[in-house]
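For chain P, the structure is supplied; the task is to place chain A on it using the hints.
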Amino acid sequence: MDSEKTKKLDLFLKSERTRMINWMKKRFSFSDEEAEDIFQEASITLYLCMQHGKIQEPAVPYFWRIAMNLSLKALRQEQNLEFLDDRPYDSSKIEELLALNQEGLTPGQAEIMRDIVSRLPHPCEEILWSFYGDGMSLSDIAVMLGYKNAAVVKTTKGNCMQKLKMRFDGDKKEMFYDKD
Amino acid sequence: MIKTDYEDFDIRVDRFLSRKMTSEEEAAFKAELTSSKDLMERAQMIALMINEMRLLKKEQNSLIAEEVAEASHWHSFLGGMNVASVVDDMDSVRSDSTAMNPPSSDSGGTQQEKVHCLWPKIMSGAVAACMAGVVFMGIRHAYTVWQYQNLATERQYQAYVCDNSDDFAHFRGDVLMEGSVLAMLYRNVQTGENLEITVRQLEQLYAEALKESSALYDFRDDLAWNLAFAYLKKGEGKKAIPVLEEMLKRNERYPVLANPIRDLLDKLYQI
Numbered sequence: 001m002d003s004e005k006t007k008k009l010d011l012f013l014k015s016e017r018t019r020m021i022n023w024m025k026k027r028f029s030f031s032d033e034e035a036e037d038i039f040q041e042a043s044i045t046l047y048l049c050m051q052h053g054k055i056q057e058p059a060v061p062y063f064w065r066i067a068m069n070l071s072l073k074a075l076r077q078e079q080n081l082e083f084l085d086d087r088p089y090d091s092s093k094i095e096e097l098l099a100l101n102q103e104g105l106t107p108g109q110a111e112i113m114r115d116i117v118s119r120l121p122h123p124c125e126e127i128l129w130s131f132y133g134d135g136m137s138l139s140d141i142a143v144m145l146g147y148k149n150a151a152v153v154k155t156t157k158g159n160c161m162q163k164l165k166m167r168f169d170g171d172k173k174e175m176f177y178d179k180d
Numbered sequence: 181m182i183k184t185d186y187e188d189f190d191i192r193v194d195r196f197l198s199r200k201m202t203s204e205e206e207a208a209f210k211a212e213l214t215s216s217k218d219l220m221e222r223a224q225m226i227a228l229m230i231n232e233m234r235l236l237k238k239e240q241n242s243l244i245a246e247e248v249a250e251a252s253h254w255h256s257f258l259g260g261m262n263v264a265s266v267v268d269d270m271d272s273v274r275s276d277s278t279a280m281n282p283p284s285s286d287s288g289g290t291q292q293e294k295v296h297c298l299w300p301k302i303m304s305g306a307v308a309a310c311m312a313g314v315v316f317m318g319i320r321h322a323y324t325v326w327q328y329q330n331l332a333t334e335r336q337y338q339a340y341v342c343d344n345s346d347d348f349a350h351f352r353g354d355v356l357m358e359g360s361v362l363a364m365l366y367r368n369v370q371t372g373e374n375l376e377i378t379v380r381q382l383e384q385l386y387a388e389a390l391k392e393s394s395a396l397y398d399f400r401d402d403l404a405w406n407l408a409f410a411y412l413k414k415g416e417g418k419k420a421i422p423v424l425e426e427m428l429k430r431n432e433r434y435p436v437l438a439n440p441i442r443d444l445l446d447k448l449y450q451i
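Same order as they appear, the protein sequences are chains P and A.
Each step along the first sequence adds one to the number in the numbering used here, with nothing skipped, and position 92 is 92.
Throughout, the numbering used here is defined as the position within the second sequence, counted from one, plus 180.
Bound conformation, chain P alone (with noise of 0.2 Å):
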């Protein structure tokens, strides 16, 4: 890795470290060790994803997912906690809300989706990612990305979601038009 990425993945770090680890703390009930073990081995987990090629910059939902995972992982190995999921989605019900409409989803529109959300602007990869991706609560989201409280997070994820509606559709359309 060049000097220049691990300069600004140091920065990354050291922005992070404080907001992440009174989070894990506030969150989780984690003690100061703890949350401090945690980021540590966020943070070398980050670096070696970036070493490795598997992403080019840091990102803070991608870092906060895998602080997650460690978090959660962590407390379920210690106390065994099944209720703290972080996936709370049920499976059946994705699929029983996409086969309600008797046109169905094509997969070329979840192609769509997929391109639209690997590859949303900021701060809506942030929020959309970490609200529907990671279920965390606006509030944790709020204390995560530094907005002042869950409401204005509500409001930036309801302009986020306008965007993308706009973006789903129009790819929608675009592919149709192709097609033709």
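Simulated from the structure, these hints should not be mistaken for lab results.
As the structure is a computational prediction, the values presented were derived from the model and not from experiment.
Mimicking DSS-like on lysine-lysine, the simulated pairs with C-alpha atoms at most 25 Å apart in a straight line are:
hint, chain 1, residue 1, chain 2, residue 2
1, A, Lys238, P, Lys93
2, A, Lys237, P, Lys93
3, A, Lys237, P, Lys165
4, P, Lys93, A, Lys200
5, P, Lys73, A, Lys238
6, P, Lys154, A, Lys200
7, P, Lys163, A, Lys237
8, A, Lys237, P, Lys54
9, A, Lys237, P, Lys154
10, P, Lys165, A, Lys210
Just a sample of chain P residues kept apart from chain A, beta carbon distances all over 10 Å, derived:
hint, residue
11, Phe12
12, Ser29
13, Leu75
14, Val152
Glycine included, C-beta positions come from ideal geometry on N, C-alpha and C.
Same frame as chain P, but now just chain A:
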């Protein structure tokens, strides 16, 4: 026309997908969806988004898990080594030793001639064997040094090299001075500059840091790690072993620190 409150609608979609609705609520929600194309599209878009996120997340998580599980970098370590050239060198040494072989009986000439001819061959064979031994020892030593130095540059260990320059700012008086000296020494370890002096100073400071009364007591592990790396960069990996073993004893309880030390020690034991 009443404008739809999508924020609240999205929350209801969320509740439906996470099975938080009662059966009555669910029935009313489905009826609402079937009566409005707009709401149906939005709800399905959210479901599709969550589904795609889950699939992407699964892929990402497996990539992350690979990194977390990567306890040994032995393979990548060997990957950078020019194994072929070492093998070639050893082959040439082996072929030189054929000079030691006496001439075979069918090579012609009398027994006297054969004995006469044998001595220079034995001498040249002995010289070749000595040279081969020297070359072998040289290669072996260079290879060992190279292995130590390579370990010192392995990326995964760099993550543990502490940059305490921020912490040092909190110190006062003499300790502040020591702090800046430490920062300079650590930089030397990282860059590989002035290793002779750096090792000497780190050895002294580490010995000092092991005393409980020392102002450097809290930094004994940083000092140990940097001293071990300075040894490795100098190609004196054996000296790093006791330092790392002490450090491991102190940090057995903390896997984040203990695992890389153990990993590094395992590699050093094999050299």
